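Top to bottom, those sequences are chains A and B. The first sequence begins at 0 in numbering that gives the first Met the number 0 and counts up one residue at a time. The second sequence begins at 0 in numbering that gives the first Met the number 0 and counts up one residue at a time.
Just so you know, the hints here were simulated from the structure itself, not pulled from any lab data. All figures in this text were calculated on a predicted structure; none of them were measured in a lab. Hints may be right or wrong, so weigh each one.
As the list claims (entries may be wrong) - Calculated Cβ distances over 12 Å to all of chain A for the following chain B residues:
id	residue
1	Leu17
2	His21
3	His31
4	Leu54
5	Arg71
6	Glu111
7	Ser130
8	Arg238
What the hints assert, rightly or not - Computed footprint of chain B on chain A; a stretch qualifies when at least three of its residues, placed anywhere within it, have a C-beta under 8 Å from a C-beta of chain B:
id	region
9	14–28
10	42–48
11	97–108
As the list claims (entries may be wrong) - Each pair of labels, with its calculated beta carbon distance range:
id	chain 1	residue 1	chain 2	residue 2	range
12	A	Thr5	B	Arg122	31 to 39 Å
13	A	Gly107	B	Lys239	50 to 58 Å
14	B	Ser42	A	Glu53	44 to 52 Å
Yeah, the Cβ is synthetic: ideal placement off N, Cα and C, and Gly gets one too.
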Amino acid sequence: MPEHVTVAVPLDEAFVSVVRIIVSGVAERAELAFEDMDDLQLAVERLLAEAGSEGRASLSFELGAGYVRTRIGPLREQGLAEALHRLDRTPGQLTLAWVLDTVVDSYGVEEASGDGIVVRLEKLVGEPM
Amino acid sequence: MKQATGSPLNAAEDRELLRRFHKDGDVRAREHLVTRHLPLVRSLARRYAGRGEPLEDLEQVGAIGLLKAIDRFELEREVSLATYATPNVVGEIKRHFRDKGWAIRVPRALQELNARMSSTIERLTSRLGRSPSIAEMASELGVTSEEMLEALEVGSAYTTVSLSVGRGGEEDGDPLESIGEEDTNFERTEHRASLEPALHHLPSRERKILRMRFEEGLPQTQIAERVGLSQMHVSRLIRKSLAVMRDELA
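Let the sequences and hints guide you as you build the complete structure.
Here's what the structure looks like:
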């Protein structure tokens with residue numbers, strides 16, 4: 000059975016370090032490699048940076064067999080959903096989608112409603128070599 | 000390349016290079032001076048190692064002091080560049096520690112633990128053939144996972160000082176890394192999304208790191224090997240670069 004951890008965080012730059020600690024704690028429980036933990040932190044951090052600075056969002060972690068699934072939302076910033084769908088790997092065009100596509104195994108908009116969108120970030124737990 | 004020492008001959012060579020830079024605007028002479036005196040910077044930086052800051056960061060900060068000394072040097076001075084630069088380099092390193100305020104805010108044990116992490120990651124990565132987990136790192140260092148995470152966050156709060164201090168102290172490029180080719184692939188063409196590049200505002204090293212990470216898809220450990228930095232340092236540079244780019248476009 001997957002374990003779940005859910006916290007609500009203010010969309011405020013001052014809380015970025017708090018979010019990083021939460022992510023690292025979850026990653027440690029999930030036995031993510033150090034580099035994968037760092038990737039997940041970066042993904043969450045960049046996503047929140049694009050989500051505006053008002054209100055709060057829920058961070059929900061699902062720790063399953065071989066994966067950590069993170070859901071973040073509701074995020075109300077207009078254009079965010081479109082930016083997430085626009086995976087353009089033109090050199091020099093380092094978009095949010097490109098960053099996420101590099102640092103997590105999969106991502107996407109999981110829910111969209113009047114309250115905003117919920118974004119899913121998934122990181123697989125690598126097999127020891 | 001020949002390194003500068005305190006000998007009269009080298010002092011004379013320094014003076015000639017300083018003259019070419021200050022009188023003729025010869026930037027290659029400036030680069031030459033930097034290269035000649037980097038061993039001095041490394042030597043001074045080593046004196047402050049083991050106080051919670053990576054040595055490579057202290058060397059970078061010290062290099063800023065060297066550049067300032069070169070730029071401010073007055074040819075009329077009856078003093079060698081090495082003598083003149085030393086207090087500048089040391090001053091810059093001390094200012095870095097003051098700015099960090101670690102001695103006050105962060106327990107020494109955490110600073111030291113953080114400082115030991117880079118080499119531990121490299122050792123374990125080499126031994127295991129993969130990136131280690133937090134638990135493996137904690138075991139190697141003889142601390143708990145919670146202490147590891149705490150010390151990690153101490154490091155992530157750290158802002159890497161860029162070498163982007165040009166002549167006159169303005170942030171106008173990366174003087175130490177201005178030697179080399181342009182990264183034409185990363186020229187900004189247009190702003191099409193919220194996280195698009197202000198890449199040309201980044202020093203060339205940071206641009207190269209971003210290109211390796213996001214265009215070539217290299218993991219941080221491989222990037223670290225290629226650029227000669229620790230993986231933790233590469234991680235910080237990536238985070239900082241992305242934040243800088245976004246701020247540029249905000």
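Now for the hints, and whether the structure bears them out:
1. Leu17: holds, 38 Å
2. His21: Its Cβ never comes within 12 Å of chain A, the nearest being 36 Å, so this holds.
3. His31: holds, 32 Å
4. Leu54: holds, 21 Å
5. Arg71: Non-interface label on arginine 71 of chain B holds, nearest chain A Cβ at 36 Å vs cutoff 12 Å.
6. Glu111: Label holds. Min Cβ-Cβ 19 Å, cutoff 12 Å.
7. Ser130: At roughly 4 Å from the nearest Cβ of chain A, serine 130 of chain B sits no farther out than 12 Å, so the non-interface label is violated.
8. Arg238: Per Cβ check, arginine 238 of chain B is inside 12 Å of chain A; nearest 6 Å; violated.
9. 14–28: holds (count 7)
10. 42–48: holds (count 3)
11. 97–108: holds (count 3)
12. A:Thr5 / B:Arg122: 31 to 39 Å: holds, 36 Å
13. A:Gly107 / B:Lys239: 50 to 58 Å: For glycine 107 of chain A and lysine 239 of chain B the Cβ distance comes to about 27 Å; the hint is violated.
14. B:Ser42 / A:Glu53: 44 to 52 Å: holds, 50 Å
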